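So the protein sequences, as listed, match chains U and G.
FYI, in our numbering the residues of the first sequence are 1 to 572.
FYI, in our numbering the residues of the second sequence are 1 to 133.
Derived by calculation from the structure, the hints in this document are not laboratory data.
On a predicted model such as this, the values are computed, not experimentally measured, just so you know.
Idealized CB from N, CA, C, for every residue including glycine.
Check each hint, because a few of them may be wrong.
Said to hold, decoys possible - To be clear about the criterion: a stretch of chain U counts as covered by chain G if any three or more of its residues have a C-beta under 8 angstroms from a C-beta of chain G, and this derived list gives those stretches: (1) 116-128; (2) 136-145; (3) 209-223; (4) 246-256; (5) 370-380; (6) 408-416; (7) 562-572.
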Amino acid sequence: MKTTWTSNHLFHPFLSQTLPQNPSVIATMTDPTSRNEWEAAFDAAAKRDTLFSTRSGVDQDALHGDGPHPGQYPYTRGIHAAGYRSRLWTMRMFAGFGTAEDTNARFKDILRNGGTGLSTAFDMPTLMGRDSDSEWAVGEVGRAGVAVDTLADMEDLFADIDLGSVSTSMTINGPAAIVMAMYIALAEKNGVEHTALSGTIQNDIFKEYQAQKEYIFPPRPSVRLITDMMAFTATEMPRWHPISISGYHIREAGSTAAHELAFTIANGFAYVEAALAAGLDVDAFAPRLSFFFNAHSDFFEEIGKFRAARRIWARWMKERYGAKDPKSQMLRFHTQTAGVSLTAQQPKNNIARVALQALSGALGGTQSLHTDSYDEALALPTEEAARIALRTQQIVAYETGVTSVVDPLGGAPYVEWMTDEMERRAEEVFAHLDDIGDGSILEGVYAGIDDGYFVSEIAEASYRFEREVNAGERIIVGVNAFTEGNDESEQNLLRIDPATEELQLKRLGEVKKARDDAAVSDVLARIRTDAADPTVNLMPVLIDAVKSYATEGEIVSALEDVFGTYVERTVI
Amino acid sequence: MSAHPNIRIVLAKLGLDGHDRGLRVVTRMLRDAGFEVIYLGLRQTADMVVAAALQEDADAVGLSLHNASHLTLAPRMIDALRDAGLDIPVIVGGIIPDVDVQPLRDAGVAAILGPGASSDDVAAAVREAVATP
Numbered sequence: 001m002k003t004t005w006t007s008n009h010l011f012h013p014f015l016s017q018t019l020p021q022n023p024s025v026i027a028t029m030t031d032p033t034s035r036n037e038w039e040a041a042f043d044a045a046a047k048r049d050t051l052f053s054t055r056s057g058v059d060q061d062a063l064h065g066d067g068p069h070p071g072q073y074p075y076t077r078g079i080h081a082a083g084y085r086s087r088l089w090t091m092r093m094f095a096g097f098g099t100a101e102d103t104n105a106r107f108k109d110i111l112r113n114g115g116t117g118l119s120t121a122f123d124m125p126t127l128m129g130r131d132s133d134s135e136w137a138v139g140e141v142g143r144a145g146v147a148v149d150t151l152a153d154m155e156d157l158f159a160d161i162d163l164g165s166v167s168t169s170m171t172i173n174g175p176a177a178i179v180m181a182m183y184i185a186l187a188e189k190n191g192v193e194h195t196a197l198s199g200t201i202q203n204d205i206f207k208e209y210q211a212q213k214e215y216i217f218p219p220r221p222s223v224r225l226i227t228d229m230m231a232f233t234a235t236e237m238p239r240w241h242p243i244s245i246s247g248y249h250i251r252e253a254g255s256t257a258a259h260e261l262a263f264t265i266a267n268g269f270a271y272v273e274a275a276l277a278a279g280l281d282v283d284a285f286a287p288r289l290s291f292f293f294n295a296h297s298d299f300f301e302e303i304g305k306f307r308a309a310r311r312i313w314a315r316w317m318k319e320r321y322g323a324k325d326p327k328s329q330m331l332r333f334h335t336q337t338a339g340v341s342l343t344a345q346q347p348k349n350n351i352a353r354v355a356l357q358a359l360s361g362a363l364g365g366t367q368s369l370h371t372d373s374y375d376e377a378l379a380l381p382t383e384e385a386a387r388i389a390l391r392t393q394q395i396v397a398y399e400t401g402v403t404s405v406v407d408p409l410g411g412a413p414y415v416e417w418m419t420d421e422m423e424r425r426a427e428e429v430f431a432h433l434d435d436i437g438d439g440s441i442l443e444g445v446y447a448g449i450d451d452g453y454f455v456s457e458i459a460e461a462s463y464r465f466e467r468e469v470n471a472g473e474r475i476i477v478g479v480n481a482f483t484e485g486n487d488e489s490e491q492n493l494l495r496i497d498p499a500t501e502e503l504q505l506k507r508l509g510e511v512k513k514a515r516d517d518a519a520v521s522d523v524l525a526r527i528r529t530d531a532a533d534p535t536v537n538l539m540p541v542l543i544d545a546v547k548s549y550a551t552e553g554e555i556v557s558a559l560e561d562v563f564g565t566y567v568e569r570t571v572i
Numbered sequence: 001m002s003a004h005p006n007i008r009i010v011l012a013k014l015g016l017d018g019h020d021r022g023l024r025v026v027t028r029m030l031r032d033a034g035f036e037v038i039y040l041g042l043r044q045t046a047d048m049v050v051a052a053a054l055q056e057d058a059d060a061v062g063l064s065l066h067n068a069s070h071l072t073l074a075p076r077m078i079d080a081l082r083d084a085g086l087d088i089p090v091i092v093g094g095i096i097p098d099v100d101v102q103p104l105r106d107a108g109v110a111a112i113l114g115p116g117a118s119s120d121d122v123a124a125a126v127r128e129a130v131a132t133p
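Build out the structure end to end from the sequences listed, making use of the hints.
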């Protein structure tokens, strides 16, 4: 199918009735220009200083197969001409527990060992916008990540670290604007310019209503916070990625691969439409959007999913949303192996699962990768298990030779078929959302959250899988087959010191005692006023609020006074 | 002995943890096995669960805990039921390290179901917990 619409349509994201349901399929090309263009781009790219030949001495040509080639629209074969010949994926491992001081020590360790990327996991109360002294927080403070109640905790977390020279990834969604405000306020205190700040904040609220369930406010005000952050970072923090659109959690909640792909990309379209509606220019924000996918066990399906994701995004960004900058059309993504695929039975078998999943991420062309630790079905990883996980992806990267050739599976009939199939299934979901959203994917996503579409599709898929395993129709090694060895004694598991909670409560008490309560009340009142006016960007008042040492919970409450609190409609 | 022909069980997640996949699957497993399930879902307090158990005349309570908060939250649930004069078993499912199994049993948890428990395991554990005085 060929697309026929003109550039006049490009800036009307809500006029989708005029769109083809399945944007044009790009025919495989053997155009010599395309090959010449690829060669020019490849020659211009930096190369890793390593041998690109097998151990038997066979030279590995960087490119095999037909175009469109890597680095060429629609980027099915990758967003860079030279792929991993230029640069391997970033080996980014996610960590964090205990108090801010504990995590600060781990950060300094990473920096001393040559790392430049810091990745922060927050504890459950912080993720849910509740303070450590809230009744809801009992038993959860510092357990699954670091506790951040006030700017003081952010000061401890990044003590003696130059925010202008590191890249920080923060995995938080509901209260993301408040935590980002703390990071900005800390930079200001330390004399670091906004423009020097580099990093990513997950900030993907749609998948919270759909899968991970760490929501606070209802969807529309939550999206207003996100577009405020996108607008603020577009002008003030050009090196900051204000959102990481995440399918990982959708898959972990039990979706199929096709639905992970479809829901995630649809959420991406919805954020694009929200930003356009807020008056932002697509090429001003789209280059800084990034994605986060799961690498699960169905090997070729995963590879097809990653390749399809790039093609769908490129086509829709160009054709439907009028993006002109190729960077706006290129889908960049982080991958994490499937935590949910790890078994508590014979946990060391998980090392093999992770290796194969990591390989699918590499063959799918991921920009960065987190490999899960084998003991994660049981607890947070021990240091030894985390090291094996990192070594696993290093083995894939350095020993298998798959990084010598760009998109080495491109052109293989099964891989191309699976890529097309993943795309076709995703397009069916987009058509459904477009339909229930009256020509707007954004409205379609809101409607799908309201009517339980996402939640029930995910629940259905996870129950179907469970029944298949129960019935023995699907073999999971160590679970419903090959169970000899399941009784071996348990490994050493990481235990979090229960004293963390007391330390954090003491810290919070001290901060509250030392601050000017009148100033806190004033700024909380300003938050309510600004929140009630959708034309005001909330970032400046949030930065003022955290500087007064208002707690995350107090700021969330002030926003809830205006925005309300989301309660899930139960669908089983 | 229950006043109802089928066993009635209240299923809930206590606290802030949002991992509801397991509890949703267990809900459907038990319904398919003939149980009457009252699914409360996410962000429940012990008091909310007690209120539901009273109102629904429940025979058992099932908690799903994935956040290493089981040693705090499960005993709290048992105390709240006891305070309300409800003598019904509490069954815990989720990620429970072996070393925590005995402390939970000592606190009065009737059964503990880990990852990989089949639908038959789950149904049998609930039946046994309800049948045991």
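Violations among the numbered hints: Hint 6 alone not satisfied by this model.
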